[in-house]
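Asker: Sequential numbering from 3 applies to the sequence shown in my numbering.
Keep in mind the hints are simulated off the structure, nothing from the lab. Watch out, some of these pointers could steer you wrong.
What follows is a list of derived Cβ distance ranges for each label pair [as the list claims (entries may be wrong)]:
| hint | residue 1 | residue 2 | range |
| --- | --- | --- | --- |
| 1 | Arg17 | Met49 | 22 to 28 Å |
| 2 | His46 | Pro92 | 27 to 33 Å |
| 3 | Gly42 | Gly15 | 38 to 44 Å |
| 4 | Gln9 | Pro83 | 34 to 40 Å |
| 5 | Pro92 | Asn40 | 18 to 24 Å |
| 6 | Ala71 | Ala30 | 19 to 25 Å |
| 7 | Arg54 | Asp81 | 40 to 46 Å |
The beta carbon of each residue, even a glycine, is placed where N, CA and C say it ideally should be.
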Amino acid sequence: MTDDAPQPDRVEGARHPRDTPKLIGQGAAEAAFLDAFNSGKLHHAWMLTGPRGVGKATLAWRIARFLLATPDPDGGMFDLPPAETLDIDPEHPVAR
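Kindly generate the complete structure, drawing on both the sequences and the hints.
Answerer: Rendered as structure tokens:
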């Protein structure tokens, strides 16, 4: 991505949402997403709404990285424990 490309989800004086490692104040949204993921009933789309600066883009980036880095819970012969957080290993290629 070039520096002169438009970044509508950037808030002046704050890190870009893709570079923000932690999300504060969106615990209920993360829990709802993880419940759906762990139950195998993940919807095809999620609406992230609210005023500017509350963490919508950061949550979207966290969900995207989580989905790319987490194996399908029904995709193998091993029973994976339910995911408890959207955090991924910072050394995972998706996180870099």
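Asker: How does the Cβ-Cβ distance of histidine 46 and proline 92 compare with 27 to 33 Å: does it lie in that range?
Answerer: Check passed, 29 Å falls within 27 to 33 Å.
Asker: Tell me if the beta carbons of glutamine 9 and proline 83 are separated by a distance inside 34 to 40 Å.
Answerer: Given about 36 Å between the Cβ atoms, the range holds.
Asker: Quick check: does the Cβ-Cβ distance between proline 92 and asparagine 40 fall within 18 to 24 Å?
Answerer: holds (23 Å)
Asker: Quick check on a hinted range of 22 to 28 Å for arginine 17 and methionine 49, using CB atoms only.
Answerer: Cβ of arginine 17 to Cβ of methionine 49: about 24 Å, so the range 22 to 28 Å holds.
Asker: State, for the Cβ atoms of glycine 42 and glycine 15, whether the hinted interval 38 to 44 Å holds or is violated.
Answerer: Because 40 Å falls inside the window, the suggested range holds.
Asker: Measuring from beta carbon to beta carbon, are arginine 54 and aspartate 81 in 40 to 46 Å?
Answerer: holds (42 Å)
Asker: Indicate whether the distance between the beta carbons of alanine 71 and alanine 30 respects the range 19 to 25 Å.
Answerer: holds (22 Å)
Checked against the numbered hints listed earlier, the structure breaks none of them; every hint is satisfied.
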